[in-house]
Amino acid sequence: DAKTTQPTSMDCAEGRAANLPCNHSTISGNEYVYWYRQIHSQGPQYIIHGLKNNETNEMASLIITEDRKSSTLILPHATLRDTAVYYCIVKTSYDKVIFGPGTSLSVIP
Amino acid sequence: DTAVSQTPKYLVTQMGNDKSIKCEQNLGHDTMYWYKQDSKKFLKIMFSYNNKELIINETVPNRFSPKSPDKAHLNLHINSLELGDSAVYFCASSPVRGVAGELFFGEGSRLTVL
Chain A
17 DAKTTQPTSM DCAEGRAANL PCNHSTISGN EYVYWYRQIH SQGPQYIIHG LKNNETNEMA
77 SLIITEDRKS STLILPHATL RDTAVYYCIV KTSYDKVIFG PGTSLSVIP
Chain B
19 DTAVSQTPKY LVTQMGNDKS IKCEQNLGHD TMYWYKQDSK KFLKIMFSYN NKELIINETV
79 PNRFSPKSPD KAHLNLHINS LELGDSAVYF CASSPVRGVA GELFFGEGSR LTVL
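Protein chains in written order, with the working numbering: chain A, 17 to 125; chain B, 19 to 132.
Warning: the hint list may mix true and false statements.
What the hints assert, rightly or not - Using 27 angstroms as the maximum straight-line C-alpha spacing, the simulated DSS-like pairs for lysine-lysine come out as follows: (1) A:K112 / B:K85; (2) A:K85 / B:K62; (3) B:K54 / A:K107; (4) B:K54 / B:K40; (5) B:K58 / B:K89; (6) B:K58 / A:K107; (7) B:K27 / B:K85; (8) B:K40 / B:K59; (9) A:K19 / B:K62; (10) B:K58 / B:K70; (11) A:K19 / A:K68; (12) A:K85 / A:K112; (13) A:K19 / B:K27; (14) A:K112 / B:K59; (15) B:K62 / A:K107; (16) B:K37 / B:K59; (17) B:K70 / A:K112; (18) A:K112 / A:K68; (19) A:K107 / B:K37; (20) A:K112 / B:K58; (21) A:K107 / B:K89; (22) B:K59 / A:K19; (23) B:K89 / B:K37; (24) A:K107 / A:K85; (25) B:K58 / A:K19; (26) B:K27 / A:K112; (27) B:K89 / A:K112; (28) B:K40 / A:K112; (29) B:K85 / B:K70; (30) B:K62 / A:K112; (31) A:K19 / B:K54; (32) B:K85 / A:K19; (33) A:K19 / A:K112; (34) B:K54 / B:K85.
Said to hold, decoys possible - Covered stretches of chain B, going by a simulated chain A footprint (3 or more residues, C-beta under 8 angstroms): (35) 58-64; (36) 104-115; (37) 121-127.
Stated by the list, open to error - With beta-carbon atoms standing in for the labels, derived distance ranges: (38) B:E100 / A:I90: 41 to 47 angstroms; (39) A:S25 / B:A21: 29 to 35 angstroms; (40) A:I90 / B:N75: 36 to 42 angstroms.
What the hints contain is simulated information worked out from the structure, not anything from laboratory work. Beta carbons: idealized from backbone N, C-alpha and C, even for Gly.
Starting from the given sequences, assemble the full structure and let the hints guide the process.
Printed below as a string of structure tokens:
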């Protein structure tokens with residue numbers, strides 16, 4: 017059973033920030049939020065993960081609400097190469113990674 | 019150097035044949051996985067091995083048999099191929115089990131059964 021819900025698809029203008037939401041209202045205290053993306057049938061690529069605090073790396077920022085029931089992945093300056101399916105996953109460090117349908121992000125010139 | 023490499027990248031074969039897909043990771047990870055992505059694009063986990071020991075075996079037909087000769091390799095052998103086995107198969111690896119971290123995926127092996 018899916019632990020997360022994401023919009024099916026989103027558009028974003030090139031150069032603008034892409035904000036991808038994810039709801040995980042049943043998340044438990046020891047579950048992390050992970051984000052992956054898959055560019056056109058390539059292998060999925062890890063983006064970022066977090067537990068409670070907001071996280072930032074060279075690819076993206078992850079904002080987790082205080083109650084941890086939702087999060088947002090932010091790509092600060094989207095490029096055409098960011099067009100991909102983005103997966104939000106909730107799991108403990110021992111759980112297997114289960115992919116849902118994800119959000120198909122289209123970056124438009 | 020490719021971190022997780024799979025061979026072959028493409029495989030076209032007839033129904034009833036037996037085929038293998040090989041996977042190797044040079045990341046020093048303990049855990050390896052096989053995922054299947056069908057035509058509907060859903061990624062489903064099939065197997066997971068931790069240090070050569072099978073730890074996850076989803077509801078996969080017995081025709082699929084993973085083999086891990088060492089912790090850097092996880093091969094997938096498929097007997098009596100069926101049309102429904104056509105998919106892209108992804109190998110992945112991760113560091114020590116129980117430590118929060120990411121999966122590293124290979125580029126996939128596209129299997130077409132005619």
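In rising order, the numbers of the hints this structure does not comply with = Those not satisfied are hints 5, 10, 13, 19, 32.
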